[in-house]
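Use the sequences and the hints to build the structure in full.
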Amino acid sequence: MTAHLNLERAARQLDARELDGLVASTPENVHYTSGLQSASFLLNRYAARVFAVVSRAALREPVVAAALGDAPAIADSCPPGTRAVLYGSIFKYVAEGVELTPHEEWIRRHVLETPAEPSSTSALAQALSDAGLARGRVGYDEQGLPSQQVAEVRRLLPGLELVPASDVFRSIRAVKSPSELERLTRSLELTEDAIEAAVAIAAPGVTESDMMREFARVVALGGGVTVAIDFSFGRRGGLGNPGLHDAELQEGDLIRFDGGCRFDGYYSDIARTFLYRGEVDASVAAKYRALQEGETAAIDAIRPGTAFAEVFRIGVEATRAAGLEPYGRHHIGHSIGLEIYDGAMISADDISIVESGMFLEVELPYMVLGFGGLQLEDTVLVGDDGPAVLTRLDRDIIRIEE
Amino acid sequence: MTNHRGVLVNTTVADRELDANDLAGLIGATPENLLYLSGGLEPTGHVVSKYTTNVFAIAPRGEYDAPVLVAGLGEMGQIRQVCPPGARIVHFGSFTRYVDADAELDEHEAWVKHWVVDTPGRPNALEALVAGIEEAGLASARVGYDERGMSPELVAAVSERLPGLELVPAFALIRRIRLVKTPEEIERLTQSLRLTEEAIQAALAIAAVGVQEEDLIREFRMSVVGGGAGTLANEITFTRRAATGGHAVQDGVLKEGDIIRFDVGCRVGGYCSDIARLYAFRGDVDPRAQAIYDAMAAGEERAMAAMRPGVTAREIFHEAVEGVKEAGVPEYKRNHVGHAVGLEVYDGCLLAPGDETVLEAGMTFEVETPYYEIGFLGIQIEDTVIVREDGHEMITELPRTIERVG
Chain R
1 MTAHLNLERA
11 ARQLDARELD
21 GLVASTPENV
31 HYTSGLQSAS
41 FLLNRYAARV
51 FAVVSRAALR
61 EPVVAAALGD
71 APAIADSCPP
81 GTRAVLYGSI
91 FKYVAEGVEL
101 TPHEEWIRRH
111 VLETPAEPSS
121 TSALAQALSD
131 AGLARGRVGY
141 DEQGLPSQQV
151 AEVRRLLPGL
161 ELVPASDVFR
171 SIRAVKSPSE
181 LERLTRSLEL
191 TEDAIEAAVA
201 IAAPGVTESD
211 MMREFARVVA
221 LGGGVTVAID
231 FSFGRRGGLG
241 NPGLHDAELQ
251 EGDLIRFDGG
261 CRFDGYYSDI
271 ARTFLYRGEV
281 DASVAAKYRA
291 LQEGETAAID
301 AIRPGTAFAE
311 VFRIGVEATR
321 AAGLEPYGRH
331 HIGHSIGLEI
341 YDGAMISADD
351 ISIVESGMFL
361 EVELPYMVLG
371 FGGLQLEDTV
381 LVGDDGPAVL
391 TRLDRDIIRI
401 EE
Chain D
1 MTNHRGVLVN
11 TTVADRELDA
21 NDLAGLIGAT
31 PENLLYLSGG
41 LEPTGHVVSK
51 YTTNVFAIAP
61 RGEYDAPVLV
71 AGLGEMGQIR
81 QVCPPGARIV
91 HFGSFTRYVD
101 ADAELDEHEA
111 WVKHWVVDTP
121 GRPNALEALV
131 AGIEEAGLAS
141 ARVGYDERGM
151 SPELVAAVSE
161 RLPGLELVPA
171 FALIRRIRLV
181 KTPEEIERLT
191 QSLRLTEEAI
201 QAALAIAAVG
211 VQEEDLIREF
221 RMSVVGGGAG
231 TLANEITFTR
241 RAATGGHAVQ
251 DGVLKEGDII
261 RFDVGCRVGG
271 YCSDIARLYA
281 FRGDVDPRAQ
291 AIYDAMAAGE
301 ERAMAAMRPG
311 VTAREIFHEA
321 VEGVKEAGVP
331 EYKRNHVGHA
341 VGLEVYDGCL
351 LAPGDETVLE
361 AGMTFEVETP
371 YYEIGFLGIQ
381 IEDTVIVRED
391 GHEMITELPR
401 TIERVG
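Chain order of the listed sequences is R and D.
For the first sequence, position 236 (counting from the first letter as 1) is numbered 236 according to the numbering used here, and the numbering increases by one without interruption.
For the second sequence, position 58 (counting from the first letter as 1) is numbered 58 according to the numbering used here, and the numbering increases by one without interruption.
Note that these hints are calculated values from the structure, not bench results.
Take the hints with a grain of salt, since some may be wrong.
Claimed, not checked - Listed below are several chain R residues computed to face chain D (Cβ distance under 10 Å; list not exhaustive):
1) Glu-28
2) Ser-89
3) Arg-108
4) Pro-146
5) Val-150
6) Leu-244
7) Glu-248
8) Tyr-366
9) Met-367
Don't be surprised by glycine CBs; every beta carbon is placed ideally from N, CA and C.
Listed below in structure tokens is the structure:
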């Protein structure tokens, strides 16, 4: 339970953009900036207004603006000492003659004793003032803050210049902080455990949905959330997401898996190809080898200073050179973090530059209608000297004998 | 999850609302409105990239079984399986997909090949949306659009391309249509509720001294996903921690005499469930807690008894609060005593003083009367009901008392 803001990078990005601070308003950016994961984003997403404000001068000290109902979550999940400006009304009573715990006392003080702001707009303006940003130039993430509300805040704080800055958040988030790497790594481990558990139930007649449920159970056991996964059997692996996952497993089927989970806000996303009983056909093996060689070449190219477009070119060319011709793709990977597609893409037209501390997925799918799907996707952490592959599952077609 | 391939839209209500607002059709873009108007589409694109919403369902008035679906090529496999057979498609982008020349394609494969390989897509989402509006016959009409899922830039670009088109914000209108559920929607809500009820039992089955809130939540979630549902925000809290609520850290430890409060739900085929219950873990319930609980249950009961077509959400609120007060908690105050439930947990109508929504048969609500006393206990009961022609029907099956467990 911590804020994940990459302090050094945030300072540099804010200076480069001549910003005195940031307002986070999407679930991802509020979590990133303050540690707060508000349930109202899940239960009432179109009405939810939760903000985290930080100033360049005090990046470690976010000020949160949220509804009164979020008070317990703030007390539990934001760094100690986080200031909260709460709005709205809520009715709670206090037991008489009982000594309150520090948590209860925090709630009592913030919810019952402190007068609440009348609206999320006035709360945001107050949070900006509390953060020393009543005037100055502040970036906001326009994806969570409607333009009408921006105008209202400007009216309340006429000395403040508010500028759209979703891209600044994305750019800061591109290089992960240590607390994020812990969560991303745990998320990946959970996904790998869940894949192994899911394919372990393989038997004739088992459905794609059965495997998906087993996957989700193991993820839930580990404290994660399954968002979107795809187990496709046999020829259905060539369809892309087939919609309904009702096919039954047969001997000799290839199983294409793609997906992952979310752990404490952070995603994982990998792909593997399995074979249920039987031998891998020589032509299939050759194609898969070409994908592996393309993936290896792309991963090797992921070094600080290289453009994502160059990684794409190297990966696709290596796949073709290894015999999979023609081979075409829109992208062969993406950054991952608080979102699955977290910013930069390994695609022909993404000119972002690879930096140390980036967390990336590299993937080479090959889907053939009438045949099936082969796919391989791995997780890479960029270090100063080059890439480290974090996925531990075998990178070959994995044979399931029982 | 479901083999339904049909319409979710309540056609009577949709026609009525469109006519009342002089609209010839609707464009859905947010995940919920898109799912509703498309018949069940949950785009992969929304999962990997939630801030890029470029899948649209265009429903001309009266043609809800033939929506025009505007989507990237990656969504075609799913559209074929979940959307109504009459759906029309305008796709965009390019997607490299190969075809085994020696294989005889089945129907699903041939469908994907038709769209992804054989039919050139429009160059981008804007071009496809413009073409989709034309395909729907709405290029010179007054059309409601889903402003919470479409950027002002996109709306301006579409308007510029189709000068005869008048686009009117309709996010709230689509949500209003969604309030009155169809039998298919009620089926999904009921499935969702049953899985939540089963999961509560699964969680209670591991209740033992020393077990943490987190353990019960994990068990609850495993049960829900094992049943094929998606998870939502879930709170399971013990005794005093139930009064503060909303915990991000679930570290309470169960001891004899604790009250376990559930406020939990899940999601099936897009549809949400939400239940609150108290359980007494070994030992008797404190008499004052029981008295307050009885008052809350009485208020909830009175609110439900008042539900029938023609009554307003505001009136239900006052029934609940009066019911609680008369049953023994005269100081009771609340902002709302429940909410519509459907594709969202808070589905667009609150049982609250300011809400003048008139109840109609087919609406589905959560009714709840929580009472939080810091340092003592959080007390809550929450049930799901359908408004029927002659009153209400309770869908929750769990007993409405504080059950003993352990």
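Now the hints, each set against the structure:
1. Glu-28: Interface hint status for R:Glu-28: holds (9 Å vs cutoff 10 Å).
2. Ser-89: holds, 6 Å
3. Arg-108: holds, 5 Å
4. Pro-146: holds, 9 Å
5. Val-150: Violated: closest Cβ of chain D sits about 12 Å from R:Val-150, beyond 10 Å.
6. Leu-244: holds, 5 Å
7. Glu-248: Violated: closest Cβ of chain D sits about 15 Å from R:Glu-248, beyond 10 Å.
8. Tyr-366: holds, 7 Å
9. Met-367: holds, 6 Å
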